[in-house]
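Chains as they are written, first to last, in this note's numbering: chain A, 9 to 370; chain B, 215 to 690.
Treat the hints with caution; some may be incorrect.
Derived SDA-like pairs: lysine to any residue, alpha-carbon spacing no greater than 20 Å straight-line [stated by the list, open to error]:
| # | chain 1 | residue 1 | chain 2 | residue 2 |
| --- | --- | --- | --- | --- |
| 1 | B | Lys568 | B | His539 |
| 2 | B | Lys216 | A | Leu187 |
| 3 | B | Lys426 | A | Asn198 |
Rather than coming from a laboratory, the hints here were simulated on the basis of the structure.
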Amino acid sequence: MQKDAHVFYFRGMPWALVGAILLSLLFQQVVREMPAFWRFCYLYSNSYTDDLLRVEAQLNMIPGNDRRPRVFILGSSCAKRAFDVNYLTHAFLKEHLSFYNLGIAQAGSSINVLMQKRMWLEKNPAMVIYMLKPYNFYQEEYKFDDARSFDPSVLPVLVKYLGYQRFFSRWTVFVRFYLKEISLFYKYSNFFSRSIMQVGMSCLTGKKMPRSELYPRDRYLPQAYLLDRINRMSEAEVAQFKENKYSALNKECFCLFAKDLVARGIKLVVVNAPVHPVLNLKVHGNRRFVEKWGSAYDNFLQNQSRKIGFAYVDAESLPDLDETDFADTFHLNQKGRAAFSQFIERYLSGHLPSSAGYKSAD
Amino acid sequence: MKFISLPFFVFFVVVYGLYLLCNHRRQNRLLLVASYVFYGSWDWRFLVLIFASTVFNYFCGWKIDASANAKEKRAFLWLCVLANLTVLFFFKYYHFFIDGLSDLSSLAGITLPMRFLEVVLPVGLSYYTFQAMSYSMDIYLRGLKPVRNFFDFSLFVSFFPNLLSGPIETARHFLPQILSPRIVTLEKFYEGCYLIFWGIFQKAFVADNLLKIITPFFNSAAPYNGTQVLFSLYAVAIQVFCDFSGYTDIARGLGKCMGFDLKLNFRLPYFVTNIADFWKRWHMSFYGWLKDYVYMPLVFRAKEKTEFVIYRSMFIIMVLAGLWHGSSVRFLLWGIYNGLLVVGYRLLQPALRKIPLPRKPLLRDVWFVIRVILFFHLVCFGIILFKTKSVAQALQMLQALFLNFSFDLSSAMMLYKVAFFCLPLLAIQLLQFSKDDLLAVLKINPWLRGLIYFYLFHLMMVFAFTGGNQFIYFQF
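Produce the complete structure using the sequences and hints provided.
Take a look at the structure:
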């Protein structure tokens, strides 16, 4: 140590600072253990931006003494809006199954679902239904930077597919994830800041705080509107859907996810997301996409289904849904949700989780 | 590399770790390299400019000192000042003059065949130019000895904590700190950490959140509600202060951790009762620079030192300070407004002194608070010119302030939001004011201090770091 660097002549610790940090960690832990807190989060989280919080709240609201087998529904906002969990729970009342919709908007890609696993695994689901669509494999982005959940086990896969340079260029993203793991308030700062301001506003206006909706924007959009919107998609927008390094990354993540679940004895059902008829038939760019990648995607999942041992519900097996079942191109409305949930009910009746082996979809 | 960012945090931790391991000579080299890396991270082309400025001012300093007679010394000083100001004017006011010329010619029906250069203003240019100029001026005016080592002088110009937004150091204050070994004590380290924390709080919690409230309001079109205009002016006053003071505190904190003592830039400027005190406490390093190198020469070199010369010099200083903030008519008007306030206050001072103060201490305090509030409104009034997008918008807001003043629900909501983000700041500043110590928080009961940290931490966790706006004063 040089003579003019005396910083290590510390005579004491900054106890106030240390105390504040410890108190903060303790406070956050206490808050995490409070059911009322999670209930508040569940009721008032935003339908668009706070999906992860809603999911975490749902998982934390499961009573510790509830021994009923659980079915977790995973995927993006498509999954969130395709399953009516109340209907399904009611339909399987005799089997004592309880369904939880853990769909998170913009987080349906396999890398996201793989990372979310850490969050719900300790709740011991008996079955997992994962809703997937070809776009999750062929998008020219991997939706990682804005991923809603993080699991460090995914880092080797990222290095493998992105290369060291791209991986390290995103180091701030990883650090932020770790900070979010430490601090509940930082992780959900959007929700907390909005809630604090809304409480004040409610006092001023006398209005109650708006509660969250699981199925927002459920209105029916006319087909002409959707057609017009899709036709206006530029060539560049259509061209972004192609086989790329993120396809391989997501496929590997999917396999890791499926293998892990099967190894743990959790039944996995992979369901294709229903899409609006205009996407399958009438749009030039999209037809090209479906023709080119639809079969490759289907073959991949069929093969993995046989290899790993999960059930796969392909697009052909889905119920016939018409334009009145959709709220937009990918999201079902109330009518569609009811039809789709009935289909899932019928399908699951033959594949219920049980301790006696697994019945393949094939 | 933004100050409040993870890359800067890692950068500083690495630099600081190495700094503690080095001796004085190596510390200076390390800081110079770190400063160039930091500045180059904004745009490597800026490095050429700062290096050229450093070389030029270094040699000017030597020439001024080595010149045999006063005339030669003065010639080199003027060469130095003019060259520095030319560079500054070119980058800062090029568009202002070209646009003005173009507008004038088009008014006269002439289209000038001008080819416009895309001139980018290098961040921090005016800060390091002023700092470098102070070196030559101190050699000329105060007989400062020029620095032998070019690298030490380079560090004086480019020291990264204050490079982008000051505080603007003077050679006689900062160079000795570079040239002699620095002692990093535990107290300085803690004070530095506290200043960094407090600076981040001011910027990320107060300033950035207030900006979210005021931006939509100032982007909206007339008609305006007078009360909302008033609350938004309060918000702007606090936001601009916290933005700049936040940066300065971080810079001073970083410096303190390394054993430097950078100049104080803000000393509770809104807790004053008159304009003279305000400018002694707001952007102190800049106004100190103007006072030392512009005001003093204007006054002391005038043939007759009359009151008029003083008024004129004060007014010039304020107008120059206004124009320094930006090349637009609004800033010119803002400068004139402040110039008039300063001159007006000096003129009225004898009459104001005659106003009797209440005898009872409580009444005296109340009277002080009333004057502080009244003066704060004078500052806010000037902010209309500072913040609005055009003179027309400023006039519309003024009109609303006086003719459309009604308190409705949306005004109440705006007040609630502004108060929510300002009250923690106000509480801490009241503590600083009552103890007459900007580091008062460090000296209160540790239990209470812990609770304050706890509260501020949580406010920052929830409300800060949600976007990260750039510091306003980078653009100046």
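So, going through the hints one by one against the coordinates:
1. B/Lys568 - B/His539: Roughly 36 Å between the alpha carbons, so the hint for B/Lys568 and B/His539 is violated.
2. B/Lys216 - A/Leu187: Measuring from Cα to Cα gives roughly 19 Å; hence the hint holds.
3. B/Lys426 - A/Asn198: holds, 14 Å
Violated hint: 1 only; the structure is consistent with all others.
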